[in-house]
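Chains A, B, C and D are the protein sequences, given in the same order. Note that the numbering used here has the first sequence beginning at 1, numbered continuously upward. Note that the numbering used here has the second sequence beginning at 1, numbered continuously upward. Note that the numbering used here has the third sequence beginning at 1, numbered continuously upward. Note that the numbering used here has the fourth sequence beginning at 1, numbered continuously upward.
Watch out, some of these pointers could steer you wrong.
Copies of one chain are not kept apart here, so a pair can be met inside one copy or by any two copies together.
[Stated by the list, open to error] Using 30 angstroms as the maximum straight-line C-alpha spacing, the simulated BS3-like pairs for lysine-lysine come out as follows:
| no. | residue 1 | residue 2 |
| --- | --- | --- |
| 1 | K149 | K75 |
| 2 | K79 | K277 |
| 3 | K48 | K149 |
| 4 | K277 | K71 |
| 5 | K216 | K78 |
| 6 | K48 | K116 |
| 7 | K71 | K116 |
| 8 | K79 | K203 |
| 9 | K277 | K216 |
Think of the hints as simulated: they come from the structure by calculation, not from any bench.
Protein chains: 4
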Amino acid sequence: MIVAMQADATEEQINHICDRIREFGYAPHVIRGTERTVIAAVGPGDKKEHIEQLKSADGVENAFPILQPFKLVSKEVKKQKSAIRVDEITIGDGGFVVMAGPCSVEGYEQLMTTAKAVAASGAQILRGGAYKPRTSPYDFQGLAEEGLKLLAEARRQTGLKVITEVLDTEGVELVAEYADILQVGARNMQNFALLKKLGEVQKPIMLKRGLSATIKEFLLSAEYIVTHGNPNVMLCERGIRTFETATRNTLDLAAVPLLNELTHLPVIIDPSHATGKRSLVRPLAKAAVAVGADGLMTEVHPFPELAWSDGPQSLRPEEFARMMHELQPYINLRQNEMN
Amino acid sequence: MIVAMQADATEEQINHICDRIREFGYAPHVIRGTERTVIAAVGPGDKKEHIEQLKSADGVENAFPILQPFKLVSKEVKKQKSAIRVDEITIGDGGFVVMAGPCSVEGYEQLMTTAKAVAASGAQILRGGAYKPRTSPYDFQGLAEEGLKLLAEARRQTGLKVITEVLDTEGVELVAEYADILQVGARNMQNFALLKKLGEVQKPIMLKRGLSATIKEFLLSAEYIVTHGNPNVMLCERGIRTFETATRNTLDLAAVPLLNELTHLPVIIDPSHATGKRSLVRPLAKAAVAVGADGLMTEVHPFPELAWSDGPQSLRPEEFARMMHELQPYINLRQNEMN
Amino acid sequence: MIVAMQADATEEQINHICDRIREFGYAPHVIRGTERTVIAAVGPGDKKEHIEQLKSADGVENAFPILQPFKLVSKEVKKQKSAIRVDEITIGDGGFVVMAGPCSVEGYEQLMTTAKAVAASGAQILRGGAYKPRTSPYDFQGLAEEGLKLLAEARRQTGLKVITEVLDTEGVELVAEYADILQVGARNMQNFALLKKLGEVQKPIMLKRGLSATIKEFLLSAEYIVTHGNPNVMLCERGIRTFETATRNTLDLAAVPLLNELTHLPVIIDPSHATGKRSLVRPLAKAAVAVGADGLMTEVHPFPELAWSDGPQSLRPEEFARMMHELQPYINLRQNEMN
Amino acid sequence: MIVAMQADATEEQINHICDRIREFGYAPHVIRGTERTVIAAVGPGDKKEHIEQLKSADGVENAFPILQPFKLVSKEVKKQKSAIRVDEITIGDGGFVVMAGPCSVEGYEQLMTTAKAVAASGAQILRGGAYKPRTSPYDFQGLAEEGLKLLAEARRQTGLKVITEVLDTEGVELVAEYADILQVGARNMQNFALLKKLGEVQKPIMLKRGLSATIKEFLLSAEYIVTHGNPNVMLCERGIRTFETATRNTLDLAAVPLLNELTHLPVIIDPSHATGKRSLVRPLAKAAVAVGADGLMTEVHPFPELAWSDGPQSLRPEEFARMMHELQPYINLRQNEMN
């Protein structure tokens with residue numbers, strides 16, 4: 001870590017900082033400039049606690065880490081991308097996996113129609129919310145276990161794998177019984193109790209990026225799950241919150257190649273939540289392939305106009321089919337590039 | 001709600017929207033402009049579900065609500081500010097309540113020293129985290145129940161009331177046993193399972209604004225707690241996330257008079273987390289009084305340089321004393337204004 | 001426009017608003033709901049001035065427009081994309097134009113080497129700053145007219161067209177003498193005096209999106225140039241400012257299909273400034289093709305380590321060559337889609 | 001500056017960086033950690049150009065400055081606040097200066113009525129726009145020189161000093177002829193050509209913070225004016241752009257004490273533009289005094305409902321009078337604190 005002293009820091013203050021740095025188990029190097037003194041400390045890791053304590057000391061202007069705070073999810077620990085197995089499907093092996101389905105599970109007819117349609121168009125995983133995190137207490141909160149049962153039935157009928165969201169620690173066990181992949185929603189990305197519990201689960205987790213989470217925070221949340229025992233984590237970029245109101249959120253596609261440099265975890269793109277606009281989903285799905293994502297999550301509803309949630313961003317089955325058709329040459333192209 | 005049709009919407013599409021609006025129980029009013037047709041719908045409330053469904057229909061360009069989505073917390077429902085009682089202390093009665101203490105409870109000595117100091121300077125409520133939501137899994141996670149016990153002991157010795165954070169649904173019961181006020185942290189503002197559970201608790205709740213939560217979302221999260229049975233909610237503005245990096249967050253003081261217009265719930269300001277910088281706490285505390293907040297939450301540590309968390313923003317006891325001393329004339333001034 | 005009255009607005013206040021609306025030349029429609037009254041006004045356009053005046057009246061809670069404020073740049077005015085001619089090159093005709101070159105023109109050798117390299121790899125337009133807008137007065141401010149002359153010389157030697165930035169009204173004439181396309185930088189997007197002057201120029205303009213400009217503001221700035229006489233405007237998305245610090249800015253690729261819905265102006269993507277990181281440029285360039293952009297602007301320097309500005313985001317000539325090589329199949333694929 | 005090498009940087013790469021650092025005139029200090037090597041360089045200043053070049057070199061992970069890039073405006077250069085004289089008025093001497101008037105100068109009657117009213121209530125400086133930077137080309141652009149003449153006439157009649165905005169380099173001379181203080185608007189904060197020209201003017205400048213400008217960028221823009229010869233610069237915080245839409249912008253009041261630590265330039269608060277809401281101006285004005293600002297700029301209009309711009313945020317004369325009346329005890333209180 002680096003400690004920058006104030007311009008008028010005293011010799012005593014500088015010595016005090018060196019002492020504290022040694023106490024923490026690092027070796028201090030004092031570098032005296034014409035304008036101020038800087039102390040570099042090298043040692044066992046740049047603990048936030050140590051940095052905060054040094055920042056609190058008299059005579060210190062600033063202190064900051066050199067090392068990245070995440071470890072197990074880092075590419076420095078494991079160079080090759082983690083391929084996550086969901087039975088016969090693999091996510092992160094260079095292919096492009098498509099997850100599709102309704103925002104909320106609304107009933108038998110709606111779910112089976114959607115599931116069959118997306119399966120026919122080539123999706124491999126069915127999405128659908130049984131528990132819905134809703135901004136307003138007056139909005140539809142999901143069918144709960146009944147929704148989970150319908151998802152399981154749709155899997156039986158179509159062979160699709162199932163991904164669905166888990167909202168709290170109390171729901172983990174039940175959701176894990178039914179789902180093939182457990183999803184953590186953006187609003188729960190820093191629900192650390194939930195993350196810890198998901199570390200004990202045997203199923204893969206898809207962690208969505210929080211609305212205002214930095215890449216560093218995103219990876220630290222993944223690190224929570226991994227350090228608690230579950231290495232099968234994939235990341236999902238679904239748009240961040242910015243000043244722009246023309247789209248629901250701002251899709252950060254640069255996060256894909258950046259994450260590919262920083263971590264070995266697979267990265268999924270969700271253009272539906274990112275934009276909130278059906279017509280933007282198809283071009284962004286192509287961009288997701290081109291930029292190097294490992295997969296796509298997108299919302300599909302047989303009648304968006306009757307959807308209980310997220311209708312404006314849901315593709316109709318025929319629109320989804322067209323997207324899948326147009327996506328294929330991009331996927332092939334990428335495959336060729338890798339060979 | 002208002003539905004704006006596309007410039008080239010057909011008569012049939014317009015009629016279809018009117019039919020759907022009637023189905024929802026509203027009365028449609030078609031207004032034909034030279035450039036486009038707008039349909040206004042008045043009726044039982046502007047349900048998000050209805051708006052999304054209309055937005056999903058062919059020929060519709062946009063649809064949006066006129067009414068605010070929050071109800072029970074709204075000033076339209078209750079004109080007078082809700083005064084929240086914590087034994088003999090009242091929050092929201094026009095006075096100014098000060099909550100102070102360490103970021104984390106670290107041990108007996110640290111907590112008692114701090115509690116006595118802040119009590120002596122005039123604080124009424126002791127803050128201190130027993131469960132800590134930390135961005136990194138490698139950071140200190142709190143003393144858990146031992147921390148709660150120390151807080152209770154500090155209350156016994158000083159007479160201060162106790163506020164502390166609850167992290168998840170599973171912890172609610174235990175924390176409610178020890179604390180006088182339960183705090184929901186910024187990262188949990190949209191942990192809806194937790195909010196629902198807190199609706200069933202008999203103790204007051206302080207809800208912190210999420211890092212990227214709009215005022216509307218903030219009030220809807222409060223609405224969750226209130227609709228589930230607990231009307232004793234106070235709001236805490238603690239800085240929002242912006243592009244600025246010179247401060248930890250950006251304190252949104254305009255939120256105070258704005259919330260005072262929109263809701264009857266009391267509003268607390270936390271300048272410690274908002275800025276992350278000790279030297280900015282005192283001037284912002286004065287501003288909080290001047291702008292009309294109902295109270296202040298601030299971090300105090302006997303030795304910030306040894307704090308296990310948030311040292312750079314923690315006041316030393318003598319700095320806290322000075323702040324309290326300087327705050328008093330501002331509080332008096334405001335009191336005079338109200339009479 | 002729509003005017004929402006306060007819940008307790010009086011009959012007199014409602015009548016007053018109707019009178020004002022008629023004064024403005026609109027026809028008011030009063031819609032009385034159970035909770036509040038809404039007045040819809042249809043007429044000659046939703047002028048900001050009128051909306052602000054109505055918002056200022058007693059009894060009004062809010063007032064907002066239905067119509068988009070931009071006109072000439074709007075797709076409602078002209079359905080087909082505007083193809084902008086720069087001699088034999090056309091931008092916006094379905095092809096993909098590449099603009100490349102150094103951040104700053106530094107000297108003869110540097111510019112000619114770069115120009116020849118990017119021409120050899122297939123770029124059509126040479127970029128290079130002669131006037132540099134720099135955050136700090138202590139940074140290199142550009143070679144000024146000498147830089148313009150070098151750009152002209154590079155054009156002579158390579159056949160590349162030249163795009164370069166104009167910083168202020170006083171420089172317009174001189175830059176227009178040398179450049180084929182004049183660039184307005186992000187920090188000048190709302191320099192309205194400059195935009196007006198560029199409306200009188202006979203050469204195409206590339207307008208960069210401001211760091212915190214909404215899509216609506218972006219289009220209104222383009223509208224300034226067009227209403228002042230110059231229809232040859234292309235838009236450049238170059239990343240917006242968000243809370244994320246891992247990249248220099250956040251590239252808003254969803255803006256491309258959104259702009260393609262709203263405006264007939266061509267859209268260029270600049271992944272160099274958007275990310276500030278050389279390694280992210282290539283994947284984002286592919287995504288720019290896939291998402292439907294009309295072209296790319298990217299920084300290239302023979303020795304990034306010696307660049308006077310923007311070295312970390314500049315491609316080396318061989319990296320640029322590789323990018324161009326990899327881009328071609330994406331461009332072909334898109335061409336096939338359109339046929 | 002600090003250069004962090006990649007984990008797998010070679011000895012050769014490390015030596016190369018040291019050579020470059022010496023070339024720049026700094027002395028390199030190599031610090032070898034278990035996980036990576038860090039090179040600290042101390043010397044003549046942390047030039048952005050040097051940092052970017054080092055970042056571009058092979059084997060380097062990151063490079064960043066230790067020193068702040070602004071100099072002349074920095075508190076390290078001058079401890080005492082700069083008191084700016086405008087004839088008999090002084091800004092920055094511990095007092096609190098109030099600037100008030102209409103958004104736009106609309107005509108004789110409107111301006112004289114407002115000027116007399118704000119003078120009667122105790123304002124010292126009259127604001128009013130003769131040249132208006134408007135997002136849309138269809139909005140009112142100001143009365144131009146006629147507006148300047150009216151401002152001069154209002155000064156004659158009331159004794160108020162005059163502040164007004166200058167939009168571009170070409171207007172500087174004319175505006176300087178009429179105004180006592182020249183204002184740079186938020187959208188022009190990084191119009192460097194304008195800043196340079198204002199460095200040659202003999203009148204004080206008020207520089208408004210850009211919508212998404214960091215504190216560092218804000219100070220560097222002030223540095224432009226000062227390095228070009230004009231030391232009489234005051235800063236104006238007027239709200240920054242965030243995700244929140246309930247207010248027009250987010251007023252960053254923490255910027256006041258932070259700027260008071262970093263710079264000797266006076267700081268003014270503009271709560272009118274910051275919030276866009278008349279009812280929020282009064283409480284925030286009090287907060288501005290409490291937090292340590294040197295003055296206030298606020299919009300006043302005799303009939304906000306007829307204002308050509310910014311009506312919703314303009315105070316009526318009687319509301320301004322009330323604000324001034326209520327502000328006085330806060331100003332007195334602050335005065336007492338300083339004695």
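To see whether the hints hold, each was checked on the structure:
In this assembly of identical chains, the alpha carbons of K149 and K75 never lie at most 30 angstroms apart, being 38 angstroms within a copy and 42 angstroms across copies at closest. Taking the closest pair of Cα atoms, K79 and K277 come within 30 angstroms of each other only across two copies (20 angstroms); inside a single copy the shortest separation is 37 angstroms, beyond that limit. Taking CA atoms no more than 30 angstroms apart as the test, K48 paired with K149 passes between copies only; the shortest distance there is 27 angstroms, against 44 angstroms inside one copy. Within a single copy, K277 and K71 get their C-alpha atoms only as close as 37 angstroms, which misses the 30 angstroms cut-off; across copies the closest is 22 angstroms, which meets it.
For the homomeric pair K216 and K78, the shortest alpha-carbon distance inside one copy (17 angstroms) is at most 30 angstroms, but the shortest distance between copies (38 angstroms) is not. In this assembly of identical chains, K48 and K116 lie within 30 angstroms of each other by CA distance solely across copies; the values are 28 angstroms between and 50 angstroms within a copy. In this homomeric assembly, K71 and K116 never come within 30 angstroms of each other (Cα to Cα): the closest approach is 41 angstroms inside a single copy and 41 angstroms across copies. With identical chains, the CA atoms of K79 and K203 are at most 30 angstroms apart within one copy only, with a shortest distance of 23 angstroms there and 50 angstroms across copies.
Taking the shortest Cα distances, K277 and K216 sit within 30 angstroms of each other both inside one copy (28 angstroms) and across copies (17 angstroms).
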